[in-house]
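Going line by line, the protein sequences match chains A and B.
Count the first sequence with the working numbering and you get residues 1 to 389, in order.
Count the second sequence with the working numbering and you get residues 1001 to 1320, in order.
These are computed hints drawn from the structure, not numbers from a lab.
Cβ coordinates follow ideal geometry from the N, Cα and C atoms, glycine included.
Check before you lean on any hint, since a few could be wrong.
Claimed, not checked - If the Cβ cut is set under 7 Å, some of the chain B residues that face chain A in the computed set are:
hint : residue
1    : Asp1144
2    : Ala1146
3    : Asn1280
4    : Ala1283
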Amino acid sequence: MSRKRMVVTAAMLAGALALTACGGGGSPSGGGGGGETLKIGFMGDLTGENSGIVIPPRNGAKLAIDEYNATNPAVKLQLVEYDSQGSADQAVPLTQQAIQQDKIVGLVGPAFSGESKAVGPILEQAKIPSISASATNPGLAQNGWKYWHRVVANDADQGPGIVDFLVRAAAPKKAYVISDDQEYSVGLADAAFGAFQAKGVQVERDQFAQAASDYSSTVAKVNAFKPDVIVYGGYYSQAGRLLKQLRDAGVTATFASGDGSLDPQIIQGAGAPAAEGAVLACPCNIPFGATTGALADFTARYKAAVKADPAIYSTEGYDAATLFVDAVKAGNTTAEAINTYVSGAKLDGVSKKIAFKPNGEPDVNAIFIYQVKNGALTLLGQSTEAKLG
Amino acid sequence: MFNDLTQQFLPSTIGGLTIGAIYALVALGYTMVYGVLRLINFAHSEIFMIGSYASLFVIISVGVTAPLTGIALLGLLILLIVVSAAVAGGSAILLEVVAYRPLRRRGAPRLAALISAIGASLFLQELFALFIIPDVFGRPGRIDTAVPRIVDRDVLFTIGNAQVRTDQVIVLLAAVIVMILLDQLVARTRIGRGIRATAQDPEAAVLMGVNIDTIVRLTFLLGGAMAGVAGVLYAMEFENLRFNIGFILGIKAFTAAVLGGIGNIRGALLGGIALGLIENWGAIFFGSQWKDVIAFVILVVVLLFRPTGILGESLQKARA
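Isolated chain B (complex conformation) (with noise of 0.2 Å):
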């Protein structure tokens, strides 16, 4: 067992952390969506599928055929992360229009807006199985789809007996600077101020001048894209994608901003990263059978004692 842990610690964080950081971004898209109205968004995983694809679109549009590296590689990923973060977002504006809007205007339950996303996430799927995956990539609906390599798997440098990946560094650091950008967005910029103000207090904020619908349209747009970066991320270190991938990861995603306190960006930074780090650390005393069933019990565990979470609910507090 020692041994088991002396050997597969720092690798197994390795992995941790680069999951991790992908839980982290999607989970910024249910934490903003809650924060501001109370709504879980259950079709946020489907943006985040949609990004991963957009992203697939744009590496074979650009013919990339071998692993890129240096300025040519960071070029293509910028583009990436701005077509999928546009695309995803663009389609989170959508989803929001679509499925939340309508029941939004005519004062529908909570409950009413649940079964929509759970009815938008279904359909969703089932448009990329049926069409557009056949249609537009020309392959196989519901089988994985191959990304191509777009950068090769070298080790960056070792860290006692773990070796480090460029992948995996790209990973972590494109997910890093994306969501250091977008606390300084929500904490800084007038936008952020609006954000803030409605999820404080949204008649509140109606009063003071600031226009719902435009925050909200916001809200979906920033957690949108931050998923589509999560699908850029996805799809270049997984490189197989298919219409339900955000299935899992979407509820180990929801989780982790749970964990670390739904409607507080950091927390969803935290809990990513954590959830990320405790599957993985879990699965070397359990086997990886395990992994999923020590995450939950770490979430219930942490909600016994702070059921807001480790950071809180703090979307209206953070930094006002």
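So here's chain A without its partners, still in its complex pose (with noise of 0.2 Å):
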């Protein structure tokens, strides 16, 4: 997620105190029964201010170690947490316990890209095999590093992803690109209007500055092209006071944008009635009012045990921890042959079906899509067969 790659500097800068806080002071998950058992390491934010975006996946991972020891079975997991702040300066030596003093088997993150970038060479050199719920840098993959995977899709595929739905679910035959300045928001506008000319659609575009509140140069120009629809590439803030603005000015075109915007504050900065009908998306699959099938399963599971609802990147820990799962199960108890287990499975996961590539990213590239709905965020699911509501 690319929102927190900015505010993971902040929380560098922040965090050095917390160097020896969490070390390794993981809970034993499960109990009874005896022989062996075999450490899985998470690794992320759990208490800094990001914290919000990765206790989700660690509930998610820890719901998935838990069922699988409350059947007992003859070799056990124990989920151990470390609290890396978000901070690659934190994450290595924490790294370096996991695997020295720990002897993880595998690990559940790192959540964040910059930590991930920090601690893949010293899991690579130690062959302790990782998958991140979270980390998006397209980056990250281009490593050639063997025993690292994740299971969400990449930054780069957001753009091209709300395109293709949109092209498909709303056939539109002229686009407007609308974005602020900030890196995240220009990369996933410039992927969106490259998209929309691949797709042979007319397509325009307009960017204001981030601190800028008065959008009534972009709203005529979006007026004077009468695009069918809008995709804003920045985050809530602005993209719920420009929503706001094209629906005051008249402007009923189709509102999308990626992840950055995908918060309930969209719904509160635009206005419920300006805000209706929008449509985000994620390579997060957060099952927002799901009511059947595996999704509204796994929820009733969460939040039984969790007591809150799932929330991003709840369902990404829980399949990344069933991974591992799968590999015990299927008789691995070594970090060599779980990374080869791990690097060959195929799960049909809460979050999608997952499989991965040789250099660790997800084989099909999902990315999610939501729309507001009676003032809330609703999933529609994934964005190859979403249908607009």
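Mind assembling these two chains? They're in different frames, but the hints should get you there.
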């Protein structure tokens, strides 16, 4: 999730004091029975300012491990938590501790891209498999790492994912791409603009300053172009304000944006009437409003265990841990054997069907589509099959 | 390009006038304080922010749940303007007493007052982010605070391909009425004469029996009140407030004041409207990301040829 990449820098500065705070203080998951216990690590910002997007995948992973241990298997698993505060500086010593003292056989995480980049070489050298539920920087897959995996699509897939969905679901003749001037926003807008052109949709774009609050010139451009769909690259604050000003000026085109705007705050900012129908895309699968099927079942189990609704990356955390569980179930007990199993695994996961490319990327870049319905975010489904409500 | 121009010119003009009116109201505070004290009150942008939150407080207290029309809307607007102007004006006086007067008494250099202004500006922003927004409004301090809608976005009339909405007309009308009142106050009343006299020659004004402290306080009160009105109009038009909304808007308003001629009340009006229009017109050709660049290039060009701004520095000379 790129929004957090900037904030991670701040967390690095702030977090120096917590180096030793939460080391290997993991809690054993499940209990009873003799036999062997293997340790799986979970690493991410568990107490810092971005813990809001790391605790849900931690809960998902813990649920998977607890469910496995409850079956009283011969080889049990223990989830050991490593609170890196999202900081690469803290993730490195914690990883060394995990490998040397705790002797983990697999790691769920690290949660963010910055820390993933820092600990990747260490895990690679120690031959410990890792599966991140939420690190979405495209560059991570280009390091030639054999032990690194992730179960989410990367940032580069989001723009094309949104556009493919819109072209299929709304068949637009004309599209307008807007962004503010932040790196993430412009990247997403560039990708969407290129994807519209490739699909033969007539497209124009505009961009405003992050700190601007009056978008009247952008709105005038949109009104002059009369697009069928609008893709906005950026975060929810600006998205909310922009959406309000567009609707106020009578623009009725479908408004779509990416994971940076996938936050209930967009509805607050735009006002419920203006936000209604807005489409948001994310590599993450959050079962907002799931009432049937595997996602509803997962939601019920998660709620019973965690006493909260599944949130961002809960399903991905569950799937990442499930891959390790399956590896152990299949009789693998060494890190090397587990990595071989995981790399070749085919899992019908809660979030999506998962298999890995040789570079550790998921083989299908699944983007999930959400829509604001009756003033709340609702999951429509995977971008390749979702339908606009 | 030509097609863009014909399609976007009128809608962009309406948008530019709306934001320009708000720039102009905020610019008045910069210009008046500069005229009287030769001081750039950089915390003025926070006075605007305080005014906008004061109006949100009134809207919440009155309990507006649906957009209003007619007499009810007019009454609410007058109430909002009175309360916000009073709160913002009061805050501006307090700011003067705390941040500037001690320095002025001790004859500190102007640079010290400038640093004090920047400090006060940051203090007020953080005060709102950390305490007032979470405690008084019960909202997170550092993200947008939504304002309930008080006026519908009905199209009042159309000019060419531009739709003019009720809210935009209210912003423009209210700003112009308030500015005319201020202009008349400064030009015709005893208080105004005192302000003009102090601006012209503080020492002579004292000798003629003008109480400088009273005049300075009045100047801050009037400038702050204008920022308060701007806060009301901003809250109504954009419906999203934040602890730092004053920052960029303050820079723009200060630019407008300089563009029109700092120290000149009508210059602030002209500068504000001109800046709003230039930004939006420039965006037609170059894209909205160039708005700020265009605005500041125009400022530099104007200052090259007219160093005192379009109308010149003339609070002193305003119809004495």
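| Restraint check, 7 Å cut-off on beta carbons, for Asn1280(B) near chain A | With a minimum Cβ separation of about 5 Å from chain A (threshold 7 Å), the hint on Asn1280(B) holds.
### Message
Using the nearest Cβ pair, does Asp1144(B) come within less than 7 Å of chain A?
### Response
It holds, given that the least Cβ distance between Asp1144(B) and chain A is near 5 Å, below 7 Å.
### Query
Does the interface hint hold: is Ala1283(B) within less than 7 Å of chain A, judged Cβ to Cβ?
holds (4 Å)
Item checked: Hinted contact Ala1146(B) with chain A - closest CB pair below 7 Å -> Interface hint status for Ala1146(B): holds (5 Å vs cutoff 7 Å).
Every hint from the earlier list agrees with this structure, and none is contradicted.
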